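Undergrad: Using the sequences and the accompanying hints, generate a full structural model.
As you go down the protein sequences, you meet chains G and B in turn. Residue numbers 5 to 212, in my numbering, belong to the letters of the first sequence in order. Residue numbers 5 to 212, in my numbering, belong to the letters of the second sequence in order.
Just so you know, not all the hints are guaranteed correct.
Remember, identical chains collapse to one label, so a pair may be satisfied in a single copy or spanning two.
Straight-line alpha carbon distances no greater than 27 angstroms define the calculated DSS-like cross-link-like pairs of lysine-lysine that follow [stated by the list, open to error]:
| id | residue 1 | residue 2 |
| --- | --- | --- |
| 1 | Lys160 | Lys211 |
| 2 | Lys147 | Lys160 |
| 3 | Lys19 | Lys160 |
| 4 | Lys6 | Lys160 |
| 5 | Lys6 | Lys19 |
| 6 | Lys212 | Lys147 |
| 7 | Lys211 | Lys6 |
| 8 | Lys147 | Lys19 |
| 9 | Lys19 | Lys138 |
Keep in mind that the hints were calculated from the coordinates and are not lab data. The model shown is predicted, which means the values in this text are computed figures rather than measured ones.
There are 2 protein chains.
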Amino acid sequence: MKTVYDAAAIAAMDKDFRTQFINHLSGYKSANVIGTVSELGLGGSNLAIFSSVVHLGANPALVGMISRPFAENVSRHTYNNLTSTGYYTINHVATNWVDKAHQTSARYDLEVSEFDAVGLTEEYVNDFPAPFVKESYIKMGVKYLQTVDIELNGTKLIIGEIVLVVVPTGCVSIDGHLDLVGAKTAAVAGLDTYHKGEMLGRFAYAKK
Amino acid sequence: MKTVYDAAAIAAMDKDFRTQFINHLSGYKSANVIGTVSELGLGGSNLAIFSSVVHLGANPALVGMISRPFAENVSRHTYNNLTSTGYYTINHVATNWVDKAHQTSARYDLEVSEFDAVGLTEEYVNDFPAPFVKESYIKMGVKYLQTVDIELNGTKLIIGEIVLVVVPTGCVSIDGHLDLVGAKTAAVAGLDTYHKGEMLGRFAYAKK
Chain G
5 MKTVYDAAAI AAMDKDFRTQ FINHLSGYKS ANVIGTVSEL GLGGSNLAIF SSVVHLGANP
65 ALVGMISRPF AENVSRHTYN NLTSTGYYTI NHVATNWVDK AHQTSARYDL EVSEFDAVGL
125 TEEYVNDFPA PFVKESYIKM GVKYLQTVDI ELNGTKLIIG EIVLVVVPTG CVSIDGHLDL
185 VGAKTAAVAG LDTYHKGEML GRFAYAKK
Chain B
5 MKTVYDAAAI AAMDKDFRTQ FINHLSGYKS ANVIGTVSEL GLGGSNLAIF SSVVHLGANP
65 ALVGMISRPF AENVSRHTYN NLTSTGYYTI NHVATNWVDK AHQTSARYDL EVSEFDAVGL
125 TEEYVNDFPA PFVKESYIKM GVKYLQTVDI ELNGTKLIIG EIVLVVVPTG CVSIDGHLDL
185 VGAKTAAVAG LDTYHKGEML GRFAYAKK
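TA: Put into structure tokens, the structure is as follows:
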């Protein structure tokens, strides 16, 4: 049996119901935690979960993520840090610590490092100036490029260039495919529900 | 063992390797097919897979998707249709027809309906003016609102408002959670690899 919700039904939904419901409609979302440090070391490191990281292009290697309006959450710490220092890390949430990743969404004060608060480990790779998550298997260092304001609802599309990538050697195939199942990458549905993946199949480049 | 790729290593990658590799780095991606019709019935219906549909906000219910530069693929058919008619559908790809969804990425001529070419069924719901995919379990009708040009690489962020939702009745919980596993929603990794999900856990709103 199917249920159809029209625009009036969507508008009439209880606020919390609608937030959860609409948030599921895009399908599975990427689960990443964003690592930053504050400028001049004030406030130390920061780690925040984002479920909106999206591939924008391979050459240059551009990645985007959506930041909610700052009045609604604590993502301003992440935004202030990455725009002032110019760098951030994107770390795949792994299936064995989805609880810790979710806990980074709590409203910790600026002085608190979410790494310490949730029990994840800061890791520095080469001379990249933002902290990676040691417990993450696929992670990248990103150079901040641009913010695109989405005036329709006050969100921001934050765009950066991937300049450093760390992956398990055995997860990279000869043609550039990454084994997300092997790397324990998690996916998220809605606001709070985490999943692991199981591969169904891989298909050739489609021709008519 | 880990492999670290710096900016020089990324730049030196074979083009096809890099396209596949970078495309995996955002993590699991949503798998949706976009249904449109051409204005005045010229060219009929169109169906195209997008792996970049992203939640933008719940109230108003906004959803975005990234369109590659038109020179590179056939997404201009979708874009021309949704901007000229003002409406499109977003249909979750289900795990039992990921092959058909992938095949919509072939460069069919404008006159060819991908519904017919790949073997999926057009479905019209209420008086919504774009075709849904009958075989999809979670799907939405979207009113086109705005295109945001991303000048860094020529992509476009297409934004619309969700005005109609069709879901299996049994997949909606009392608090708005949708059971994506029960609805057979698929996820995609990179350009061509499809996955099903298995739920790990759901967590309460995080407090410090």
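Undergrad: Does each hint hold? Answer for all of them.
TA: Cross-check of the supplied hints:
Proximity of Lys160 to Lys211 under the C-alpha cut-off of 27 angstroms is restricted to the inter-copy arrangement: shortest distance 24 angstroms between copies versus 36 angstroms within a copy. In the homo-oligomer, the alpha carbons of Lys147 and Lys160 lie at most 27 angstroms apart both inside one protomer (17 angstroms) and across protomers (21 angstroms), since each shortest distance falls under that limit. In the homo-oligomer, the alpha carbons of Lys19 and Lys160 lie at most 27 angstroms apart inside one protomer (22 angstroms), although the nearest pairing across protomers, at 30 angstroms, exceeds that limit. With identical chains, the CA atoms of Lys6 and Lys160 are never at most 27 angstroms apart, being 34 angstroms at best within one copy and 33 angstroms at best between copies.
Taking the closest pair of Cα atoms, Lys6 and Lys19 come within 27 angstroms of each other only inside a single copy of the chain (22 angstroms); across copies the shortest separation is 45 angstroms, beyond that limit. Proximity of Lys212 to Lys147 under the C-alpha cut-off of 27 angstroms is found in neither arrangement, the shortest distances being 39 angstroms within a copy and 30 angstroms between copies. For the homomeric pair Lys211 and Lys6, neither the shortest alpha-carbon distance inside one copy (34 angstroms) nor that between copies (36 angstroms) is at most 27 angstroms. Taking the shortest alpha-carbon separations for Lys147 and Lys19, only the inter-copy value of 21 angstroms comes in at or below 27 angstroms, while the best intra-copy value is 36 angstroms.
Within a single copy, Lys19 and Lys138 get their C-alpha atoms no closer than 37 angstroms, and across copies no closer than 29 angstroms, so neither meets the 27 angstroms cut-off.
When held up to the earlier numbered hints, the structure conflicts with 4, 6, 7, 9 and fits the remainder.
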